[in-house]
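Take the sequences, apply the hints, and build the full model.
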Amino acid sequence: MRFKKLIQQPYPFEDGERSAVELIFRSFLVGVFITAFLLIFQPFGSSNWKNETENWYWYVMGFGLITFACLLFMRFVVIRLFPGYFNEKDWTVGREILLNICFLIFIAFSNFVYEASLFVSSWSPLHFLWSLMTVVAIGIFPIIFDVLAKYHRALKKFMPEKQIVISPEVKIDKIELTAENGIDKLEFESNELLFIESADNYSKVVLKTSEPQLLRSSLSRLESQILSKNIKRCHRSFIVNLDKVERVTGNAQGYKLHLEGSETLVPVARKYSELVQELREVSQ
Numbered sequence: 003m004r005f006k007k008l009i010q011q012p013y014p015f016e017d018g019e020r021s022a023v024e025l026i027f028r029s030f031l032v033g034v035f036i037t038a039f040l041l042i043f044q045p046f047g048s049s050n051w052k053n054e055t056e057n058w059y060w061y062v063m064g065f066g067l068i069t070f071a072c073l074l075f076m077r078f079v080v081i082r083l084f085p086g087y088f089n090e091k092d093w094t095v096g097r098e099i100l101l102n103i104c105f106l107i108f109i110a111f112s113n114f115v116y117e118a119s120l121f122v123s124s125w126s127p128l129h130f131l132w133s134l135m136t137v138v139a140i141g142i143f144p145i146i147f148d149v150l151a152k153y154h155r156a157l158k159k160f161m162p163e164k165q166i167v168i169s170p171e172v173k174i175d176k177i178e179l180t181a182e183n184g185i186d187k188l189e190f191e192s193n194e195l196l197f198i199e200s201a202d203n204y205s206k207v208v209l210k211t212s213e214p215q216l217l218r219s220s221l222s223r224l225e226s227q228i229l230s231k232n233i234k235r236c237h238r239s240f241i242v243n244l245d246k247v248e249r250v251t252g253n254a255q256g257y258k259l260h261l262e263g264s265e266t267l268v269p270v271a272r273k274y275s276e277l278v279q280e281l282r283e284v285s286q
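The sequence shown begins at 3 in this note's numbering and counts up by one.
Keep in mind that the hints were calculated from the coordinates and are not lab data. Keep in mind that a hint or two might mislead.
Unchecked claim - Restricting the straight-line Cα-Cα distance to at most 35 Å, the calculated cross-link-like pairs of lysine-lysine (DSBU-like) are:
| no. | residue 1 | residue 2 |
| --- | --- | --- |
| 1 | 152 | 187 |
| 2 | 234 | 206 |
| 3 | 210 | 176 |
To be verified - Cβ pair distances, simulated, as ranges:
| no. | residue 1 | residue 2 | range |
| --- | --- | --- | --- |
| 4 | 42 | 143 | 14 to 20 Å |
| 5 | 31 | 185 | 22 to 28 Å |
| 6 | 116 | 184 | 15 to 21 Å |
| 7 | 148 | 185 | 49 to 55 Å |
Here the structure is a predicted model, which is why all the values come from computation and not from measurement. Cβ atoms here follow ideal geometry from the backbone N, Cα and C, with glycine treated the same way.
Below, the structure is given as structure tokens:
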């Protein structure tokens, strides 16, 4: 039961916050690691490749290239095809482990096709099982250890020792937000705003005393129109009014802001975690 509870715990979906350049670079490093591992340790009979093909080190580098390509395909195609499943709101320890196992299976199948295309005798179900077991044996335990270690580090970092209770001084400013068409506008006082959330091609402005309003605009564009120092970006999908934060809690995915009069828990992305330090200073 403890294991079942553990795999259901929230987990940070880090790929969602990383830039394309960072994802490519990380995939490249994994490919380099696989190549180096095979060249140096020559596990699972791979030392025999020297006798089966000329320029065997180029052959080994092919496995690293396949790993790199598989990771890119999973991250830039598969994950983006199913945004409803791959989102941090529903991401858990179990989903992270399962995603990495899917990486391993896809890499194992690609390795099998690559090796079989060089050696005709390799086209057999048994050889595919051998390829799968080889990849899983190399990757499964480091993956599980890495996921659990990251979970415990994140939990320790983002779980406050006690809930932070905020009683800020409120300064009221006038705010005017203009949509991309330059015509649609929304005017309100800063103390009315709870948060602004990205909603596809729109931004949802959530006010304390009225229904949420939609403006066709990116969140970054609206952010540039707000001058109030206590209304800040806290996540790629959220701008929050810090004056409306009543409590701060957290889990392995990061901090969560509890707002006055709202049931929505506003997430704080890891790169914006310094905002919580500001709130701590205010509450003291």
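Outcome of the hint check:
1. 152 <-> 187: Measuring from Cα to Cα gives roughly 44 Å; hence the hint is violated.
2. 234 <-> 206: Within the cut-off at roughly 15 Å; holds.
3. 210 <-> 176: Roughly 15 Å separates the two Cα atoms, so the pair holds.
4. 42 <-> 143: 14 to 20 Å: With a Cβ separation near 19 Å, residue 42 and residue 143 satisfy 14 to 20 Å, so the hint holds.
5. 31 <-> 185: 22 to 28 Å: violated, 48 Å
6. 116 <-> 184: 15 to 21 Å: Distance hint for residue 116, residue 184 is violated at roughly 54 Å.
7. 148 <-> 185: 49 to 55 Å: The hinted range 49 to 55 Å holds for residue 148 and residue 185, with Cβ atoms some 51 Å apart.
Consistency with the previously given hints fails for numbers 1, 5 and 6, ordered from lowest to highest.
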